[in-house]
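Novice: Same order as they appear, the protein sequences are chains A and B.
Residue numbers for the first sequence follow this note's numbering, so the first one is 347 and each next one is one higher.
Residue numbers for the second sequence follow this note's numbering, so the first one is 8 and each next one is one higher.
These are computed hints drawn from the structure, not numbers from a lab.
A quick note: this is a predicted structure, and the numbers were derived from the prediction, not measured.
With beta-carbon atoms standing in for the labels, derived distance ranges:
| id | chain 1 | residue 1 | chain 2 | residue 2 | range |
| --- | --- | --- | --- | --- | --- |
| 1 | B | Ala183 | A | Asp403 | 20 to 28 Å |
| 2 | B | Pro78 | A | Asp408 | 26 to 34 Å |
| 3 | B | Pro78 | A | Asp349 | 44 to 52 Å |
Per the computed footprint, the stretches of chain A lying under chain B, defined by three or more beta-carbons under 8 Å from a beta-carbon of chain B, are:
| id | segment |
| --- | --- |
| 4 | 359-369 |
| 5 | 395-406 |
Dumping the calculated SDA-like pairs for lysine to any residue here, alpha-carbon to alpha-carbon at most 20 Å:
| id | chain 1 | residue 1 | chain 2 | residue 2 |
| --- | --- | --- | --- | --- |
| 6 | B | Lys125 | A | Glu397 |
| 7 | A | Lys427 | A | Arg356 |
| 8 | A | Lys366 | B | Glu212 |
| 9 | A | Lys366 | B | Arg207 |
| 10 | B | Lys125 | A | Thr396 |
| 11 | A | Lys366 | B | Asp211 |
| 12 | A | Lys366 | B | Pro214 |
| 13 | A | Lys427 | A | Asp412 |
| 14 | A | Lys366 | B | Glu197 |
In this text, a Cβ means the ideal position worked out from N, Cα and C, and glycines have one as well.
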Amino acid sequence: MQDDTDLLLRRILTDVLGLKQGQAETFDADTGLFGHLPELDSMAVAGLLTELEDRLDIIIEDDEIDGEMLETFGGLLEFAKAKRATA
Amino acid sequence: MTPATWPLPGNPETALAFDAARLRRLLIVPALFDEGNRLRRFTVEVMRRLDCAGIDSLLPDLPGTNESLLPLAAQDCDLWREAMLVVARHFGATHVLGLRGGCLFTPDLPAFHYAPVKGAQILRGMLRARMLAGREAGLDENREALTAMARTEGIVLAGYAFAPALFSELEGLEPASGPPDSGPRVIAQEQIGGSGLWLRAEPDEDPSQADALAAILAEAIQP
Numbered sequence: 347m348q349d350d351t352d353l354l355l356r357r358i359l360t361d362v363l364g365l366k367q368g369q370a371e372t373f374d375a376d377t378g379l380f381g382h383l384p385e386l387d388s389m390a391v392a393g394l395l396t397e398l399e400d401r402l403d404i405i406i407e408d409d410e411i412d413g414e415m416l417e418t419f420g421g422l423l424e425f426a427k428a429k430r431a432t433a
Numbered sequence: 008m009t010p011a012t013w014p015l016p017g018n019p020e021t022a023l024a025f026d027a028a029r030l031r032r033l034l035i036v037p038a039l040f041d042e043g044n045r046l047r048r049f050t051v052e053v054m055r056r057l058d059c060a061g062i063d064s065l066l067p068d069l070p071g072t073n074e075s076l077l078p079l080a081a082q083d084c085d086l087w088r089e090a091m092l093v094v095a096r097h098f099g100a101t102h103v104l105g106l107r108g109g110c111l112f113t114p115d116l117p118a119f120h121y122a123p124v125k126g127a128q129i130l131r132g133m134l135r136a137r138m139l140a141g142r143e144a145g146l147d148e149n150r151e152a153l154t155a156m157a158r159t160e161g162i163v164l165a166g167y168a169f170a171p172a173l174f175s176e177l178e179g180l181e182p183a184s185g186p187p188d189s190g191p192r193v194i195a196q197e198q199i200g201g202s203g204l205w206l207r208a209e210p211d212e213d214p215s216q217a218d219a220l221a222a223i224l225a226e227a228i229q230p
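Make the full structure from the sequences, and use the hints.
Specialist: Spelled out as structure tokens, the structure:
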């Protein structure tokens, strides 16, 4: 199966951040998320993780959530891919 | 659009109304908590379109929220259900629309449920936000301990003070379902197009989404 996690994650970020079409395509592994974007506060991150769970069909345990995984696009993508691989 | 009031025993509550004494009268039960804030503009934009389509609508505050004089910490699910029944009768509603968690409190009328959600799912997100904020502040709060506290002492989530009863009852609430011909008609986000505005980190608007929901409602609501 081709891995569409990258695509899905960009879509979710587009929906949560209200980005324009194509804007999320400029994100790279180092693009900062939590702690870098003022609108991405704890409530927004909670919503983002819930949406990730729904659309990727994974369950994210509370103790898996840490600053590192949320800090950059690359960190979140690696986390999501790993979760899907074991789901 | 005018501000309106409606009577709960001993206490006037507020609402936004498009009321021209028309035959088609829609009560709208708003989305809950932070989702209610993020969907507020969308909700009112839908009401403006319904007004143009010849449909009256009323958007009450759930007691303890928005302009309500009552404390949120004194509310529970029975009180909210009762309040929505009272306001439906007061307004003479012919139909009801629930938005997201508002679907948990729609009274017994021909009903539409927009993107309905379980109470547990709302609380899960709010608890997660509280844990994330706590970690930033160097606190080590876990879901089990927070949930246990919420059930016995109440809890503040995203600035909302939940009484133990409100929290515990919400945990078990699911939107009503029923046979397609008599149960609430579910309107999924896919029918509206785009992504749900409750997901946005900050309140946003989308005229095409408001057009789409209003069009579905205007077609389905018959006098």
